[in-house]
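A.B. asks: Given chain A, work out where chain B should sit, using these hints.
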Amino acid sequence: MTPVAIRRWYVVHKWSSLIPTVFLIVLCATGLPLIFRDELQDMLGDEAPLPAVAADAVPARLDELVSRALAARPGEVMQFLSFSDDRPVVFATTAPTIDSPPERAFVQPFDLRSGQALAPPPLRRGFLYVMLRLHEDLFLDLPGQLFLGLMGILLVLAIVSGVVVYAPFMRRLDFGTLRLGRSRRLGWLDIHNLAGIGTVAWLSVVGVTGIINTLNPVIVGIWRAGQLAQMTAPYRNAPALKALSSVDGAVAATLAATAGMKVSFIAFPGTRFSSSHHYAVFVRGNEPVSSRLLKPALIDAATGKLTDIRQMPLYVRILFLSEPLHFGDYGGIVLKIVWACLDLTAIAVLGSGIYLWLGRRRAPHERRLAELINGGEPANTP
Amino acid sequence: MSGTEPLVRRSTWGIFRFPVLIATISGCGLVLALLTEGPIDVLWSCAVAAPLFVLGPGVLRALFAAAKRKT
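Chains as they are written, first to last, in numbering that gives the first Met the number 0: chain A, 0 to 381; chain B, 0 to 70.
Same shape as in the complex, but just chain A (with noise of 0.2 Å):
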């Protein structure tokens, strides 16, 4: 390579990793806590044991939740019922109008064993929830969202040239050098080399799922501009609906056309996942992966009858097994044991960058070359 190529790569590192490097340490301290959402909300008390049920008790029946739900919220229409991945609950969610946005939404849990309702989780408090906003809008809606993302783009542009500018420093010394005993700068130095250059793939995978991650909104837009009007398309112009079919016999059409799966959540005609003539019932496999993906099923509400179902696109199916990869939740707690100690590996690269470039920021340029050419060493070194 040769020197203005080392000196412009050298530039592009540094910018690209100093402008982001605030928000993602940020990001990398809200995350912490949030690979561990499920052990942290067992031990908050934000998901309340269930009761013990008696031996005869008969499971619920959707429809006789939605009317209990209903009646519990006078004046409000039902937008969704979610399932619990991991616990007989289903939650149902009630809203001002059908397109009220999340925030005014207000979500009722049962018990799908006998009925009963439970205590509502803790909507937008807490300090989970805190860590969620922080980590995935910093609190500033889409704007923050996307923001977010922009910086994802300079952590992987970082990276490229991290190991662009990694090969001119290597190229006297052994992988894994790390001299401690000598300056404190050339020790940080070779620690931020080599944690940097031993976490490049973790880097890199939850970089890119992260920018993937913050287009959420613009893909789930995209989907219903696309494949959800398509399926949708024969009813653009059917008369309102009057009253709606049972949720019950939507879920059992959909179950029947769709084999050893089950059902993750049912969108209401009118909501942003539906049409307003269907119900939107997705449903995920068993399999690793496929429980990851969902798939839609369009009900007509007005007379119970499966009307269309598909696999979601490629780039939706992206977007579903981005989030695992993000947050390193699908191995067990061994992974996620893993995945904070790496998490604190990228703090320490990120921190010995600050670090390394508040040492030598007032240097000029070509000392700075200098070093990165000579493995950290003196200039004068041949």
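Don't take every hint at face value.
[Claimed, not checked] So, partial list: chain B residues that the calculated Cβ filter (under 7 Å) puts toward chain A:
| hint | residue |
| --- | --- |
| 1 | 8 |
| 2 | 9 |
| 3 | 10 |
| 4 | 11 |
| 5 | 17 |
| 6 | 20 |
| 7 | 21 |
| 8 | 22 |
| 9 | 29 |
| 10 | 32 |
| 11 | 48 |
| 12 | 50 |
| 13 | 51 |
| 14 | 56 |
| 15 | 57 |
| 16 | 65 |
Because the hints were derived from the structure by calculation, they are not lab data. Each residue gets a CB set at the ideal place from its N, CA and C atoms; glycine is no exception.
C.D. replies: Chain B alone, transformed into the frame defined by chain A:
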């Protein structure tokens, strides 16, 4: 790099072979943990942790060596 070692200039492959190996092991672990379920995930998690197995002992060894030199 104390100035007394012979001057060695490594090839690009010489520089990147270990990082590529670590990234491959770690990356395969990431994907395999997503594709499987059960106790085998512990093995894939260890693969994901490959960078930690390099960094951890390296830092400890360097710290011990630095402490020894000081005493």
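A.B. asks: Each hint: holds or not?
C.D. replies: Hint-by-hint comparison with the structure:
no.: 1; hint: 8; in the structure: 5 Å, holds
no.: 2; hint: 9; in the structure: 6 Å, holds
no.: 3; hint: 10; in the structure: 9 Å, violated
no.: 4; hint: 11; in the structure: 6 Å, holds
no.: 5; hint: 17; in the structure: 4 Å, holds
no.: 6; hint: 20; in the structure: 10 Å, violated
no.: 7; hint: 21; in the structure: 6 Å, holds
no.: 8; hint: 22; in the structure: 4 Å, holds
no.: 9; hint: 29; in the structure: 6 Å, holds
no.: 10; hint: 32; in the structure: 4 Å, holds
no.: 11; hint: 48; in the structure: 4 Å, holds
no.: 12; hint: 50; in the structure: 3 Å, holds
no.: 13; hint: 51; in the structure: 5 Å, holds
no.: 14; hint: 56; in the structure: 9 Å, violated
no.: 15; hint: 57; in the structure: 5 Å, holds
no.: 16; hint: 65; in the structure: 3 Å, holds
Checked against the numbered hints given earlier, the structure breaks hints 3, 6 and 14 and satisfies all the rest.
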